[in-house]
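The opening position of the sequence shown corresponds to residue 1 in the numbering used here, with each subsequent residue numbered one higher.
There could be a bad hint or two in this list.
What the hints assert, rightly or not - Restraint ranges, calculated between C-beta atoms of paired labels, are given here:
id : residue 1 : residue 2 : range
1  : Asp34     : Ala8      : 33 to 39 angstroms
2  : Met1      : Leu22     : 30 to 36 angstroms
3  : Gly28     : Arg2      : 29 to 35 angstroms
4  : Thr31     : Asp65     : 54 to 60 angstroms
No lab work stands behind these hints: they were computed from the structure.
Nothing here was measured: the structure is a model prediction, and the numbers come from that model.
Built from N, CA and C at the ideal position, the CB exists for glycine as well.
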Amino acid sequence: MRRTGAIALIVMGVALLLAGYLLAAPWGASTVADSDPAVVGAPTLFIIGIVSLLSSALFYELLPDGR
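Sequences are here, hints too, so could you generate the full structure?
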């Protein structure tokens with residue numbers, strides 16, 4: 001159970017990291033004025049992905065073993 005949960009958190013974290021990065025990247029921006037994120041909440045998705053990745057280790061260590 002804890003291995004499956006930890007892997008699910010890792011997969012979710014990586015997906016959120018990629019989505020947040022791709023949505024926040026200013027594709028084709030040539031000036032600083034054009035460098036705002038394409039989607040307003042994209043940096044938040046990126047941060048939630050980082051927290052999800054880091055919390056997967058806590059989830060694995062703190063959840064009691066099924067044995």
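So, going through the hints one by one against the coordinates:
1. Asp34 - Ala8: 33 to 39 angstroms: 37 angstroms, holds
2. Met1 - Leu22: 30 to 36 angstroms: 32 angstroms, holds
3. Gly28 - Arg2: 29 to 35 angstroms: About 44 angstroms separates the Cβ atoms of Gly28 and Arg2, which means 29 to 35 angstroms is violated.
4. Thr31 - Asp65: 54 to 60 angstroms: 55 angstroms, holds
When the structure is compared with the earlier hints, a violation turns up for hint 3 alone.
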